Amino acid sequence: MSRSQDKQNEAIQRLEEELLALEPAPVSATLTRDVLAALGAPQEEVSRATVDVVPAQPVRTRVWSGLMPAAAAAAVALLAVWFTSGGDSSVAPEAAASAEVSVAPQILPNGLQQVAFDTQPQGFEQGPLVRRDGKFYRQVLHQYEESVILVDPHSGATYEIRVPREEIQLVPASFH
Amino acid sequence: MSAQPKPQSAHEAWEEWFNHFSPRLLLFARQVTRSAADAEDVLQNAVVKVWNARRKRNGGRDPIGTPDPAEIYTAIRRVAIDLGRRETRRVKREEKVIDFDEARGIDYFQCPFENRERRAEITSALRKLPEAQREVVTLKIWGGLTFQEIGSALEISENTAASRYRYALEALRRSLGKGGESHFQHLLVL
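Heads up: the protein sequence lines correspond to chains W and Z, in order. Everything in the first sequence is counted per numbering that gives the first Met the number 0, starting at 0 for the first residue and increasing by one. Everything in the second sequence is counted per numbering that gives the first Met the number 0, starting at 0 for the first residue and increasing by one.
There could be a bad hint or two in this list.
Said to hold, decoys possible - Just so you have them, the derived chain W footprint on chain Z, three or more residues with Cβ under 8 Å: (1) 71 to 82; (2) 145 to 157.
To be verified - Some chain Z residues close to chain W (C-beta under 10 Å, calculated; not the full set): (3) Glu39; (4) Lys55; (5) Asn57; (6) Ile63; (7) Gly64; (8) Asp67; (9) Phe108; (10) Asn114; (11) Ser123; (12) Arg133; (13) Val136; (14) Leu175; (15) Gly176.
Simulated from the structure, these hints should not be mistaken for laboratory data. Every value quoted in this text rests on a predicted model; they were computed, and no experiment measured them. Beta carbons: idealized from backbone N, C-alpha and C, even for Gly.
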């Protein structure tokens with residue numbers, strides 16, 4: 000066997016090992032429940048299946064997990080506001096309430112921005128169209144990031160809180 | 000006197016079997032359908048079909064034992080073919096659906112986050128293989144079947160199964176060697 004063939008076989012073997020290490024994604028609890036129900040399983044087994052089986056990771060969770068840095072940045076910004084305003088979690092409720100009154104005017108909203116980063120048609124899993132008021136609509140998912148900018152007029156410091164958001168809009172469907 | 004353990008009912012045995020094997024069965028179903036939703040329907044119908052066939056063989060009583068690998072994979076494939084025939088008019092629309100699945104990062108595998116990019120490349124490379132090769136790779140790698148069992152499930156010869164597997168791995172190696180492409184990378188760019 001030639002040296003190049005050896006190399007090729009080694010590469011294929013490595014690939015095989017890599018593929019073997021991948022675990023197929025689990026099925027959803029809903030599917031398990033539906034299958035058991037379709038087999039005529041007793042009700043207690045069907046309802047148990049909804050809690051026993053780990054559901055597949057929802058798509059949106061996966062998409063949003065990419066936005067975790069933004070969520071972390073928002074958390075850091077909130078903490079920064081808390082610390083700069085002299086917040087102390089050990090103060091009594093009455094004291095905390097008065098602290099809020101004195102802190103609130105120090106941090107003022109200074110801007111709001113919405114940046115869309117994805118728009119995609121929805122609904123193929125539940126059916127492409129929804130019906131409202133006798134008319135058909137397409138579901139379109141809009142995903143965007145909302146930024147709120149706050150400023151401390153005394154120190155001049157600005158804080159930005161970024162929150163990932165999504166909403167589904169219904170767009171009238173045309174069949175022409 | 001110690002109590003005798005209660006014998007496992009057919010439903011309990013099938014539930015246990017389904018919980019254990021369903022991820023790999025669903026993975027195979029996804030290779031022979033055009034969307035994740037269709038794959039779930041096909042898997043459910045195939046399991047019911049095998050249950051009913053076994054029940055019939057058992058004189059209408061609950062089936063004895065759980066499905067053999069070749070039996071369930073054959074059923075999945077046949078149900079998927081039937082679905083494809085029934086819904087030829089949906090083909091164009093379903094092609095769009097599979098694009099959405101890809102764009103939305105619907106994945107075949109569970110994996111630690113640090114391997115996410117590589118996992119996406121592998122999923123993408125698998126999707127690009129011809130269906131006949133994808134079936135064999137899935138059954139061999141994740142189904143754990145022998146070439147003989149694969150041949151029986153797919154109604155092809157053992158040698159054909161082995162050669163398709165070889166071609167598939169070579170194609171995957173070439174595709175992944177090029178660096179592949181992360182099909183959902185664009186979703187994560189803010």
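How the hints compare with the structure:
1. A stretch counts as covered by a chain when three or more of its residues have a beta carbon under 8 Å from one of that chain; for the stretch 71 to 82 of chain Z and chain W the count is 0, and the coverage is violated.
2. Check on the stretch 145 to 157 of chain Z: 0 of its residues sit with their Cβ under 8 Å from a Cβ of chain W, so the three-residue criterion for coverage is violated.
3. The beta carbon of Glu39 (chain Z) is positioned within 10 Å of a beta carbon in chain W (closest approach about 5 Å), and the interface hint is therefore held.
4. Annotation: interface hint on Lys55 (chain Z) violated; nearest CB of chain W at approximately 14 Å, more than 10 Å.
5. Because the smallest distance between the Cβ of Asn57 (chain Z) and any Cβ of chain W comes to about 14 Å, over 10 Å, the interface hint for this residue is violated.
6. With its C-beta approaching chain W no nearer than about 14 Å, Ile63 (chain Z) sits outside the 10 Å limit, and its interface hint is violated.
7. For Gly64 (chain Z), the shortest C-beta to C-beta distance to chain W is roughly 14 Å, which exceeds 10 Å, and the interface hint is violated.
8. Contact between Asp67 (chain Z) and chain W, as hinted, is not supported at the beta carbon level, the nearest pair being about 17 Å apart and thus beyond 10 Å.
9. Interface hint status for Phe108 (chain Z): upheld, as the beta-carbon distance to the closest one in chain W is roughly 4 Å, under 10 Å.
10. At its closest, the beta carbon of Asn114 (chain Z) sits 9 Å from a beta carbon of chain W; the interface hint therefore holds under the 10 Å criterion.
11. The beta carbon of Ser123 (chain Z) comes no nearer than 13 Å to any beta carbon in chain W, farther than 10 Å, and the hint placing it at the interface is violated.
12. The restraint placing Arg133 (chain Z) at the interface with chain W is violated, with a minimum CB-CB distance near 12 Å, outside the 10 Å limit.
13. For Val136 (chain Z), the suggested interface contact is upheld, since its CB lies about 8 Å from the closest CB of chain W, less than 10 Å.
14. Look at Leu175 (chain Z): its Cβ gets to within about 7 Å of chain W, closer than 10 Å, so that hint holds up.
15. Evaluation of the Gly176 (chain Z) hint against chain W yields a held restraint, the C-beta minimum of about 8 Å falling below 10 Å.
Violated hints for the displayed structure, listed by number in ascending order: 1, 2, 4, 5, 6, 7, 8, 11, 12.
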